[in-house]
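Going down the list, the sequences are from chains S and W. Using the working numbering, read the first sequence as starting at 145 and increasing by one per residue. Using the working numbering, read the second sequence as starting at 955 and increasing by one per residue.
Just so you know, the hints here were simulated from the structure itself, not pulled from any lab data. Please note: incorrect hints may appear among the correct ones.
Unchecked claim - Cross-link-like lysine to any residue pairs, in silico, SDA-like; alpha carbons within 20 Å at most: (1) W:1236 x W:1260; (2) W:1249 x W:1211; (3) W:1335 x S:382; (4) W:1335 x S:383; (5) S:387 x W:1338.
Model, not experiment: these values are computed from the prediction.
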Amino acid sequence: METPISKDKSTHPASLPPLWAEAGGGSSSSSPSFGGGRGEAFAINACKLCAPLGASVAFKGIRGSVPIIHGGQGCATYIRRYLISHYKEPVDIASSNFSEEATIFGGGANCHTAIGNVIKQYHPEFIGITTTCLSETIGDDVKFYIQKYKELSEDENLPHFVNASTPSYQGSHIDGFHEAVLAIVKSMAEAGERGEHINIFPGFVSPEDLRQLKTILEDFGIDYIMVPDFSETLDNPIWDAYKRIPDGGTPIERITKCGSACASIELGTIINKGSLSGRVKNTSNLTTAGEYLQEKFGVENCRMPFPTGVSSCDAFFETLSRVSGKPIPMKYTKERGRLIDSYVDGHKYAFGKRAVVYGEEDFVVAMSAFLNEIGIVVALAATGGESFKLEEEVKKYCPENPDSITVKNGWDYELIHEWCNENKPDILIGNSKAYYIARELGVPIVRCGFPIHDRIGGQRIKHLGYTGTQELFDRIVNELIGFKQDHSAVGYKYM
Amino acid sequence: MNEILKERQNQVVTKGKDDVAIACGKASLAGSVSQRACVFCGSRVVLYPIADALHLIHGPVGCAAYTWDIRGSLSSGPQLHRLSFTTDLKEKEVVFGGEPKLYQALISLIDQYKPQAAFVYGTCIVGVIGDDMEAVCRRVSKEKGIDVIPVMSEGFNGTKKDGYKLACDALSNLIGTDNETEVPEHSINILGDFNLAGELWMLADYYRRMGVNMVACMTGDGRINDVRKAHKAQLNVVQCSGSMVYLAKDMKEKYNIPFMKVSYFGIEDMSDALYEVARYFKSDEMMEKARQLVKEEISKLIPALQQYRKDLEGKKAAIYVGGAFKAISLVKALRLLGMQTVVVGSQTGNLDDYNLLKDLCDEGTIIVDDSNPNELSEFVKQTGANLFIGGVKERPIAYKLGLGFCDHNHERKEALAGYDGMLNFAKEVHASVCSPVWKFMRGPTPTLPKVEGERSLSKSPRRGDLKTASSPILLPKKSEFGE
């Protein structure tokens, strides 16, 4: 990815805005001053994280991988802490530990030392290096550093290196995630005779979701390459002895075959389009891994929302059946039948209830589509992401009364909070960070998505497939039933 | 020990084996997955509990998002510190400068929240693009009539300790700005307590019972106006020496206020903290009250501890915490429970702390500065520890290895200081070490075949292999297929 900053800086002084005037905002924002949901110069309790976090998660999904964050020590430590609190797993991410000298003279030496030390301690097969606001702004060329390391090293078994450009001031953690996936595929995919295998790009879902997707693909009998696959690396069983690098992850050799797959399935419809917000020039050509493979190797790219809800699951299963030429296994027909049966059992408790859905854009689209099909009104669909595509996508997948849905881009939790105080929703659905809002309103919150910091098991929440939908449906409806029961004058024994 | 990077070997010593002084206070080694954070983190955690100030983080979204409501610091009044304010810098500001955005953010937020003061934290990027934060803060301060204090805490500009120092400087700027208010005789400041789980309230109550008045706590349940008059106190009582000793020294120099280092963890150190204050004020009455208090508390506590001690006697513990002073107290507190410390380390200890630790610990104890997951896991394995005491990042290491764990971090929900805290500590250690779940981790796992297929998968990526490799236990039954 190009980093236009150093170039642009020298050509720009004449057009600098007057110091205290309002700086120009995002062109597509309705409130022009600083872009974002507030149209203001700040966020309060941001509903997004920075790009290196997402990239680190994606890199964790490659076998034998150790991510390095090329920046200050704090970036790696904060991100590790944030991820550990969700996954409840050791999450080793190295840092190149910038000092003042590195900031002034360039981070090459630090990058070199970091790579060397990671190799010495971890013997990784793969090193994924993500950049930060700091290293991007001083113009560090990580690709060059890697090249130089390879040249200077006498080690014949060097790990595979991939670097992702993820300045924290561009987009959110989701954009960082997809940038890393793209970088992985770009660096490894090779042309070859068209095979029967498919690529699956699952997006930033839970380890349990990844396991669910793998089971589905295996039940179909489809040979697949999943990038990334952190189903094990971020949710390991107990260990007899400490593992410096956890088991699991997509094998590098498999990724080379991405170029010869018969199709790619890319989950999520917005993916990385949020990273354009707040850029100086909105011209850079954003590509996703699926788009890249289609363009470069002619691999058909099938893009669809996360398979949550009957309609989205149907689309997913039909696509799998079509690209593989195999029938949908009976197991899933039954799961689907059971899910619809439960929809019927629970429909009255769900109907007309007003929900707030928030979080990452593709998560919000999928969850809204699901709620829409069970009769829950998506009163507010909000995200901290800024692709400005959310409204279109949410409404596309919510055929029941799409115009009743309020969709908000670039929002933070305090905006959601204010909205909730005015509009009194019945339930909040999303990650654990809005708990304080639900608590104040006295309404239930169904925790799903990322992060879940105040409960155990965030890594094991299933959102995808008919059974993932089933679990969500049961939890949501039972929360609504329970709320009514808790607030009833008599503690009744039947629904 | 080949597990330790060569450059780090002098940061690990074993008592009775190595005679050299431990190296500490060094910058973390690139690529070593240090458990430390950065300068910004140091400033942020120290100032965070000041509940009626606006804490605005000038930078891209991450630094604010990762520190939102991160500490369990309670406030008896305003809760402004629990909101996460950021200028959420984008590429545009990185290129054209973030000053206008910072100015606007400050003006709007001060109008909206009416804080007593504002702290503005500079992050890495601000140092690089050269925003003149000080000028913006000065201007806003003039326009809004409150103190707007820039904290130039660029992450790359040193270690977490340097961040502590910057936070102390920020506090130092406020101290002495209220000369009107008079404080009673026998007044102290409590430095370095952050009121995690209400610990400060407990401590303030102990001192109150002795007849000691608290002027300001820095920074637990902190208020700007208390900080302003902190120079009126006669004594600074400093806990968590790592973060607050700078301020104590500064106040000694500027206002001639002496300070003493104390710890509130464990019976011995807690009691000493009370006696030392009574001794300082040279009041027999106060000393008598302190003795009475300690007697009362201990006579309740000791019998209550017995049931835990009975089960914990002889168990071994590993400690890895932020500050070494805390580690010292923990070693003693563990002894009270009959437990032996076999590994002890900290992120930011200094030579004095480590020498104290060395004197205190038994032969064979491993003492370590600025450790990492690899080393820590190796140490607990070597020493056969049953319990690990640490923070969020150490927890999964302990759990994966089948060790009990006690959260001694900034987000804990149980008060561990004081006498009540000692009982909570015993309960938590007991609950973790004596849980029956560990037996499943150490026992054999006969029904689960080892997953060896992963590597062979790459060589022969055939469908059949894929199945056996990825789900050796739950192979789908053929009959369930629609084929």
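Now for the hints, and whether the structure bears them out:
1. Distance check on the hinted pair: residue 1236 of chain W and residue 1260 of chain W sit about 35 Å apart at the alpha-carbon level, beyond 20 Å; violated.
2. Among the hinted pairs, residue 1249 of chain W with residue 1211 of chain W is inconsistent with the structure: their alpha-carbon atoms are about 30 Å apart, more than 20 Å.
3. The hinted pair formed by residue 1335 of chain W and residue 382 of chain S meets the criterion: a straight-line CA distance of about 15 Å does not exceed 20 Å.
4. As the CA atoms of residue 1335 of chain W and residue 383 of chain S are separated by approximately 13 Å, the hinted pair is consistent with the 20 Å bound.
5. Annotation: proposed proximity of residue 387 of chain S to residue 1338 of chain W holds, straight-line Cα distance about 17 Å (limit 20 Å).
Checked against the numbered hints above, the structure violates hints 1, 2; every other hint is satisfied.
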